[in-house]
Structures are given as structure tokens and as C-alpha cells.
Amino acid sequence: DVPPPPSDYAERVDSPMAYSSNGKVNDKRFYPESSYKSTPVPEVVQELPVTSPVDDFRQPRYSSSGNFETPSKRTSAKGRAGKSKRTEQDHYETDYTTGGESCDELEEDWIREYPPITSDQQRQLYKRNFDTGLQEYKSLQSELDEINKELSRLDKELDDYREESEEYMAAADEYNRLKQVKGSADYKSKKDHCKQLKSKLSHIKKMVGDYDRQKT
Numbered sequence: 001d002v003p004p005p006p007s008d009y010a011e012r013v014d015s016p017m018a019y020s021s022n023g024k025v026n027d028k029r030f031y032p033e034s035s036y037k038s039t040p041v042p043e044v045v046q047e048l049p050v051t052s053p054v055d056d057f058r059q060p061r062y063s064s065s066g067n068f069e070t071p072s073k074r075t076s077a078k079g080r081a082g083k084s085k086r087t088e089q090d091h092y093e094t095d096y097t098t099g100g101e102s103c104d105e106l107e108e109d110w111i112r113e114y115p116p117i118t119s120d121q122q123r124q125l126y127k128r129n130f131d132t133g134l135q136e137y138k139s140l141q142s143e144l145d146e147i148n149k150e151l152s153r154l155d156k157e158l159d160d161y162r163e164e165s166e167e168y169m170a171a172a173d174e175y176n177r178l179k180q181v182k183g184s185a186d187y188k189s190k191k192d193h194c195k196q197l198k199s200k201l202s203h204i205k206k207m208v209g210d211y212d213r214q215k216t
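Those letters in the sequence shown? Residues 1 to 216, per full-length UniProt numbering, in order.
Possibly wrong hints are sitting among the right ones.
Said to hold, decoys possible - For lysine to aspartate or glutamate, the following DMTMM-like pairs were computed, each having C-alpha atoms within a straight-line distance of at most 25 Å: (1) Lys-138 x Glu-164; (2) Lys-188 x Asp-145; (3) Lys-195 x Asp-131; (4) Lys-190 x Asp-120.
As the list claims (entries may be wrong) - Here are the computed distance ranges between Cβ atoms for each label pair: (5) Pro-116 x Asp-160: 53 to 63 Å; (6) Pro-116 x Ala-170: 54 to 64 Å; (7) Arg-112 x Glu-166: 52 to 62 Å; (8) Asp-159 x Gln-121: 52 to 62 Å; (9) Gln-124 x Asp-173: 44 to 54 Å.
Hint data in this document are derived by calculation from the structure and do not stem from the laboratory. Backbone N, C-alpha and C define an ideal beta-carbon position, used for all residues, glycine too.
Modelling step: build the complete structure from the supplied sequences, incorporating the hints.
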């Protein structure tokens, strides 16, 4: 039987979020300020076609990574007495572009692990690895994004509460806890792994695209 034509659709992954904060000391309390913005993810994580297309081939598109927003000044006060002092400017990166290895080093690793495709069987193997990596990438990215979304929600919520109220204190506690989570080694490790996955998916996609072009 002739296999059906490959699907040609793009599945966008929820974009990662960029969240940065400033802080200042006012009397005995410390009040961090923050801003929040979503940043797009390169389209390297769209689905690969099931089979190698020959007719009406369309090369997968790639886009550049998102930009960061400069932290904006805000007048709202957050935090509570007794919390640890922060530096004058806290900046958290969430575009998974930092880590122990440079982009060139990662690319060299993937070239060794995933050399150019020479057969349909090898293409199918690459596609299976891509699909597995894609699911892991989406799950991990969602986990990291959830922390940033919650920080953004609390940031806005604290603006509405009266200082010293129970609601303000509870929200400030959770806000400060999540800031500590973002500074933890576990969070940074997951961010680095997300970077590696994105690089891997991009390379596999390129190898598949190169192979498909040779068959047109």
C-alpha cells in the first residue's frame, strides 16, 4: 500500500517566559520589583513529517530565538520584614540559552551522534528520537514556565493587597519562595537540559530536512 502523504503542520510549543526583577530597601523592609514577558521559542520543535516527502516538499522553517525585555521600573512594594536581602538587581534568564557548553560545542556533539542520514530506515530512527525529545522538551518547558507564570500572578496580586494584611503576607511568602526556587541548582540544571534538548531537536530536524531535499 502507498503510505498517505505526510502531514505538513506545525505544532508550536508554549513559549518560555522571561522574568526579571529589581529591588530596593525601604526602612526595615525589602521590596523586590518585577516585570514579566513571554518570549517565543524557535520553531525547531514542530512535528516532523512521518515519511520523506518527494512531491510538494516544503522545507521546515526556523526562526531566531526570542529577545529579553529590559526590566521596567515599578512603584509597587513586595516582600516582608525578616526576608533575606537581595542584590540591587536580580535577573533571571528563562530562554534556556546558558549552560556549561557553548552552542558550537553542542552542535559538534550532535553531529557525532546524529550524522547525515543515508537511508529511509535511518530517517525513521531520527524521527522517533525527535518525537521522544520533543515530548520531554515540552514537559520540561511547561514546568519552568509555570514557575514564571506564578511569579507574575503574585507580582500583580501584591499590588492589590494592603501591606501588613494577612493576604499580603501570605502572597509575599509564596513570592519569595518561588524566587528561591528559581535560584536553586535544580532549576538551573533543568534550564540547561532544556537548552540541550532544543539544540538536539534543531540538529535532528536539519538532518531530516537535508535528507528529504536530496530525494526531491
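Hints, one by one, checked against the model:
The straight-line distance between the Cα atoms of Lys-138 and Glu-164 is roughly 39 Å, outside the 25 Å bound, and the hint therefore fails. A C-alpha spacing of about 13 Å is found between Lys-188 and Asp-145, which places the hinted pair at or below 25 Å, so the restraint holds. With a C-alpha separation of about 17 Å, the suggested pairing of Lys-195 with Asp-131 holds against the 25 Å cut-off. Of the pairs offered as hints, the one joining Lys-190 and Asp-120 is violated, with about 33 Å between alpha carbons and a cut-off of 25 Å exceeded.
Between Pro-116 and Asp-160 the beta carbon distance is about 57 Å. The supplied range of 53 to 63 Å therefore holds. Roughly 56 Å separates the CB atoms of Pro-116 and Ala-170, a value that falls within the hinted 54 to 64 Å. Arg-112 and Glu-166 have their C-beta atoms about 57 Å apart, which keeps the hinted 52 to 62 Å range intact. About 58 Å separates the C-beta atoms of Asp-159 and Gln-121, a value consistent with the hinted range of 52 to 62 Å.
For Gln-124 and Asp-173, the hinted distance range of 44 to 54 Å is satisfied, since their beta carbons lie about 51 Å from each other.
Of the numbered hints given earlier, the model fails hints 1, 4; all others are met.
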